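Trainee: Each chain, written out:
Protein chains: 2
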Amino acid sequence: MEKIVGILGGMGPLATVDLMGKIIAATPVQSERDHVRMLVDCNPKVPDRTTAILDGGPDPTPALVEMARGLVSQGADLLAIACNTAHHYHPAIQAAVPVPVLDMIALTAQRVAELNPPVHTVGLLATQGTVRLGLYHRHFAARGITVITPDEVEMETVMSLITGVKIGQVGPAPRASMTALARSLRGRGAEVVIAGCTEIPLVLSTEPDLPVFDPTQVLAESIVHMVRAVWQGR
Amino acid sequence: MEKIVGILGGMGPLATVDLMGKIIAATPVQSERDHVRMLVDCNPKVPDRTTAILDGGPDPTPALVEMARGLVSQGADLLAIACNTAHHYHPAIQAAVPVPVLDMIALTAQRVAELNPPVHTVGLLATQGTVRLGLYHRHFAARGITVITPDEVEMETVMSLITGVKIGQVGPAPRASMTALARSLRGRGAEVVIAGCTEIPLVLSTEPDLPVFDPTQVLAESIVHMVRAVWQGR
Numbered sequence: 368m369e370k371i372v373g374i375l376g377g378m379g380p381l382a383t384v385d386l387m388g389k390i391i392a393a394t395p396v397q398s399e400r401d402h403v404r405m406l407v408d409c410n411p412k413v414p415d416r417t418t419a420i421l422d423g424g425p426d427p428t429p430a431l432v433e434m435a436r437g438l439v440s441q442g443a444d445l446l447a448i449a450c451n452t453a454h455h456y457h458p459a460i461q462a463a464v465p466v467p468v469l470d471m472i473a474l475t476a477q478r479v480a481e482l483n484p485p486v487h488t489v490g491l492l493a494t495q496g497t498v499r500l501g502l503y504h505r506h507f508a509a510r511g512i513t514v515i516t517p518d519e520v521e522m523e524t525v526m527s528l529i530t531g532v533k534i535g536q537v538g539p540a541p542r543a544s545m546t547a548l549a550r551s552l553r554g555r556g557a558e559v560v561i562a563g564c565t566e567i568p569l570v571l572s573t574e575p576d577l578p579v580f581d582p583t584q585v586l587a588e589s590i591v592h593m594v595r596a597v598w599q600g601r
Numbered sequence: 368m369e370k371i372v373g374i375l376g377g378m379g380p381l382a383t384v385d386l387m388g389k390i391i392a393a394t395p396v397q398s399e400r401d402h403v404r405m406l407v408d409c410n411p412k413v414p415d416r417t418t419a420i421l422d423g424g425p426d427p428t429p430a431l432v433e434m435a436r437g438l439v440s441q442g443a444d445l446l447a448i449a450c451n452t453a454h455h456y457h458p459a460i461q462a463a464v465p466v467p468v469l470d471m472i473a474l475t476a477q478r479v480a481e482l483n484p485p486v487h488t489v490g491l492l493a494t495q496g497t498v499r500l501g502l503y504h505r506h507f508a509a510r511g512i513t514v515i516t517p518d519e520v521e522m523e524t525v526m527s528l529i530t531g532v533k534i535g536q537v538g539p540a541p542r543a544s545m546t547a548l549a550r551s552l553r554g555r556g557a558e559v560v561i562a563g564c565t566e567i568p569l570v571l572s573t574e575p576d577l578p579v580f581d582p583t584q585v586l587a588e589s590i591v592h593m594v595r596a597v598w599q600g601r
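Residue numbers (this note's numbering), protein chains in the order written: chain S, 368 to 601; chain U, 368 to 601.
Simulated from the structure, these hints should not be mistaken for laboratory data.
Here the structure is a predicted model, which is why all the values come from computation and not from measurement.
Take the hints with a grain of salt, since some may be wrong.
Chain copies aren't distinguished; within one or between two, either way the pair holds.
Said to hold, decoys possible - Pairs of lysine to aspartate or glutamate, EDC-like flavour, derived with a Cα cap of 20 angstroms:
(1) K412 x E369
(2) K389 x D518
(3) K370 x E588
(4) K412 x E433
(5) K412 x E521
(6) K370 x D576
(7) K412 x D401
(8) K389 x E519
(9) K412 x D444
(10) K389 x E369
(11) K370 x D518
(12) K370 x D401
Produce the complete structure using the sequences and hints provided.
Mentor: Here it is in structure tokens:
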């Protein structure tokens, strides 16, 4: 029987739907049955990751571990986390379950490092939590790639746009603001901009002169690859 | 703690993502945490419902019952089925679990019957399985509403468009074809067209002179109402 992916989602809900849509689109299918079975815990009640990291807010670890165990007990053979910041808790989640938990941040850094021509500097749009902890920085540093981030004032805008997406603000105005922030990183020397929070792809488009790398897309492709190519040999 | 909805999905996957998007959009929120927690089993491996009904194909009941029990054991307080045809198995699913299973078809018939000015004739776009079994007919008949359906040749087009959506064919061409089928029902006297298969809203738009009633939207609103208004008193 084909393997099943479990998704720790709801952080936020639209980002989870975005990941699911990208998994569906990334699967080569000739009929409904060829699609990947996904068990999704879309749980918007998980304590806010950035608040926990920066301000000592409630710890999301128990909720994330409970979600991971629930998905595995329901039959998931592989887990994915539809939130970049929550990857801070990846080691705790992986330690709690006997199945592999994909690491979206490591996978993204690996894919960027494989780009040809090679990239030396990436711009990172992400939450304060992801930036402060250096979740991307450490993976890129290991590959000799420099990470630049928005300045303090811009970071406030990033956070406010991310919070907006979580409550459905995905129209032209937030899209224009997020794109301006990406352009600012590009102007400061970023060869590629990493949409390093799962809300960001919902308000940021790739344009010819503004190359964007989407970790949600990388995660979706990795899931399909694991379920169909690695395990099924297709 | 706020109640959790479990969704029997994957029939097809895009239709499940559509339902989730409609639940998210129907929820009044001020922050991520206000969204509804959804446990989703997006299982495209469920035997085809129409094939089982019309041609004696493999019975989907065991898969649907297993999915329902899994969602409840994971914590779902309420279940919904993101497939109209699968509502043929609603009694078996309901009998297998101790939580309420929403009936999208009954809810839709009720909402249509409440329209003002009243509707006397609806057009039904749905699978061969849904039409032959009269899943909508019986609920509308009980309310004195006549159901008209596409002719035999048109039904083949409906089925082929539905099968197409299940593998991602949601562009302008299928949209034009589905809209022509809805217009045909309208021309034959349908006051409202029911998008009675969860794939159909993905290739059918409401136009001013072509009123479409979307059961997926009705189900989404019912879920939000149950979780937030009925159980939480909001």
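Trainee: If a hint holds in the structure, say so; if it does not, say that too.
Mentor: The hints, checked one at a time:
no., hint, in the structure
1, K412 x E369, "between (31 angstroms within a copy, 9 angstroms between copies)"
2, K389 x D518, "neither (31 angstroms within a copy, 36 angstroms between copies)"
3, K370 x E588, "within (15 angstroms within a copy, 33 angstroms between copies)"
4, K412 x E433, "within (12 angstroms within a copy, 26 angstroms between copies)"
5, K412 x E521, "neither (27 angstroms within a copy, 46 angstroms between copies)"
6, K370 x D576, "neither (39 angstroms within a copy, 46 angstroms between copies)"
7, K412 x D401, "between (32 angstroms within a copy, 8 angstroms between copies)"
8, K389 x E519, "neither (32 angstroms within a copy, 36 angstroms between copies)"
9, K412 x D444, "between (24 angstroms within a copy, 16 angstroms between copies)"
10, K389 x E369, "within (19 angstroms within a copy, 29 angstroms between copies)"
11, K370 x D518, "neither (43 angstroms within a copy, 41 angstroms between copies)"
12, K370 x D401, "within (12 angstroms within a copy, 32 angstroms between copies)"
Hint check: violations occur at hints 2, 5, 6, 8, 11; the rest are consistent with the structure.
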